[in-house]
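**Student:** Spelled out, the chains give:
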Amino acid sequence: MAEKARSSKALMVLAVVAGLAVAAAVVYDFWRALTVNPENPWAEFTLSKIFFGYRNLMFAVGAVVWVLGTAIFVLELAGRTVTRRGLERNRMGVAEWSVIDVALAALSAAVYGGLLAATAPIVFVPGFTWLRPANALAPLFGMFFGIPGCLGAAIGNLIADIVGGFFGVGSFGGFIGNFLIAYLPYKFVRDHSFSSASSIGEFYVWGVLAQAFVSATYICWWLDVAEALVGLPLFVVWGIIAPIIFSNNIVVNAVLSPVLGRVLFPLIKGRGLYWKDRIKAAQV
Amino acid sequence: MGPSSVVVKDLYARYAVSESWVLKGVNLAVGRGSMLVLMGPSGCGKSTLLYAIAGLLPWVVPGEVKGEIVVEGVDVARSGYRGLAGVVGIVYQNPEMQVVTRSVYEELAMAPENLGLPKEEVMRRVEWVVEALDLERYLNRDPQSLSGGEKQLIAIASVLTMRPRVLLLDEPTSMLDHKGARLVLETVEQLKREHGLTIIAAEHRVEWAVEVADRVAVMSDGAIVMEGSPEEVFSRVEDVERYGVRPPGAAEVAYELRRRGFEVRVPVRLREAFEVFGL
Amino acid sequence: MEALSLGGLYVERKTPFHELDPRAKIAWALLVLAASVATQFDGLKALPVFASTLAALSLSGLGAGLALLLIVNASAFLAAVTLVWAGAYSSQGVLLLALGPLRLTDVGLKVAFGKFFLIMNPVLAFAALFASTRPYHLMWALEKLGAPPKVALTFTLALNLLPSTVKAVREVTEAQVARGLALDRGSVVQRLRNYVPIIVPMIAKLLSDVWDLSMVLASRYAGYARRTYVFEPRWSARDTVFTVLSLLLYGGVAAWGLAPWW
Ligand SMILES: Nc1ncnc2c1ncn2[C@@H]1O[C@H](COP(=O)(O)OP(=O)(O)OP(=O)(O)O)[C@@H](O)[C@H]1O
Ligand SMILES: [Mg+2]
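Residue numbers (this note's numbering), protein chains in the order written: chain A, 28 to 311; chain B, 3 to 281; chain C, 3 to 264.
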């Protein structure tokens, strides 16, 4: 028993170390790429080489991610969730939403969209600005508020596209992509409090590493498939946008989400808005 | 007092997150067409009582309610707020969160639209409330640009389009400046006078309360500890002060005189003070 | 903090574009997209479409200057994209310019502009659509398109709440900066962490707003019955004329774009 606890704790520490290491490596590697090739760092950036170099593989993986992700989006909004025992009904489908769920989703969307629209991205290497601190909220909305929070992240991102003046065919990818960023840690992290080793460890697995890969491939597969409607060359899609999404989501979520989550979880629980508590209260 | 519009019997209420009962055995009866003002220090349970009467607790805000609440014959404990459509309208403290659309007309139409009333009926009701409360001048304004008092006025009008018989007001002026508060309070008086609504208002502006309320109830720690006409309540000097309610200015002078041994009647309204003090 | 444009936010105006039926505007935006798709290999043929989106921006009272602003905001990205496209076609057509590794041919130039317009034209069309269509009508249109009513309501509420949220973000940021918060100071990690004192108060506000908004929605009976729309858009002769003209214009442009012999 103690043996098992120790090894699971070691796994959790490993997940955190891996998440932070990937985040640091991404930042360092971009800086290195920029020193080697200041005109076109993307030709040198390792992430670009991976995503673009293995574009066919990424395209195949992206297709699977896209189909699964879109299906999960539709199923969850319809109140169905995939479990080990198969498809089960839960009480979080839109049709069963109370006014609180609507209010939670709308306010999450407004705050997420408002922060995305009103805060300038961080210049982390001069001339390159893509770290968006607000992105750290998406996984937290999912973990704390459940499906309404996931939809809030999706709508918030969409609204940021609309008011920022870059709404287009590509926005569909960002819509569901952000839903998934919130959904993965909501569904797979068991303890959402950020106050135990397993909570933080699992967050680094799902809310940092998995989420970054899934959102990057989901969005970029869509941009790739819809190339004739979007107008982005494959190199830009896989060699620039995919690494940007991946590195932004890794770095921002690894650094900021656990800090915010730890502060916010008690506030949300104290207000009775944590989704597990709300479901329990509804069943009584 | 005529037939009761709102009856509350032995009401206990708590929130899902609270440690003990917030309301501890509240009894209340409000006559049809009359106005009750709830007073009491912060945290005594005024809002909670109004949420329970409106069927929001525990139907929207999770919690537990025990006891009996009947509003215009509707058993609220059984039906929740959904059973009160067209019966109760409630207005809250914060003007900012009560304006949720981008035009005043949309705001006024929202509730009857949500009730699924026919288009013509919705429009008739909006026209009625615009006329009744003289809102014509706001119709072309972006609601976000209105002052706090104007927003509260629109919030009141927005529930009136459901044609409720009972209006619940939860400190509608506490976040307003003097001018905004006057706008709202005058509207409330008008609604009582001209439209015969039953009104329960939590409101700490005591000078206003004594002028317009038929009854005043003082709450303390989740129970109603004093209830009666403004005269009855505010002539009980020690009690009023003990429960942390500020007496009306006119009464305060009399309290001070009594403390110094003068046997004077306690006036609660300004014009009575003129009589009592022979001004 | 740099004030980003809120170009697609609804602006209350009385303009011909505002008065169009939202369905006509949605159809128009999709036609702009279709015509841009059809002309993506020849920027010259995409020019009329671009001109029409500028006209729409003017007609909706936003001003064609918004297009310039949006293009400038995205200039680094647009430059990268167009250069890549020009490079991809550098072996076709007549060489116009050779600058180091960059070989610009006439075909490459046409494609680069075509792709530029394919990206920008729909963006501008949707900006005009959203800035001239009330969230109320977007909600109506979303429901008509089959979105669940509560999703349509959530989207509309979020759009309506956005201006006050953006204002709150700016106020919180100013207050924290006044207290000595330096957003652009420190390492990458430090710069990210600088946002904690901005994000936490925003969430605290969200948490108290949730109850207020839920109770307001309940006492206005949101989701109670099938909603009536008082301002249900009425398709008028003007909408028909606008749609027919759009079809002719964009259909013509698309045919021109797709015809190989032109
Ligand atoms: N949504 C809520 N969840 C949990 N507890 C609450 C909630 N609202 C109020 N309370 C608690 O219930 C008690 C009664 O509060 P209530 O708001 O009813 O008082 P009030 O008389 O309206 O006070 P105020 O004058 O400050 O509005 C307080 O202890 C308060 O902290
Ligand atoms: Mg209160």
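Take these hints with a grain of salt, some might be off.
Straight-line distance between alpha carbons at most 20 Å, and here's what the computed EDC-like set of lysine to aspartate or glutamate pairs gives [claimed, not checked]:
(1) Lys-207/C with Glu-98/B
(2) Lys-121/B with Asp-44/C
(3) Lys-76/A with Glu-66/A
The hints are simulated quantities; they were obtained by calculation from the structure and are not laboratory data.
**Student:** Output the numbers, in ascending order, of every earlier hint that fails for this structure.
**Tutor:** 2
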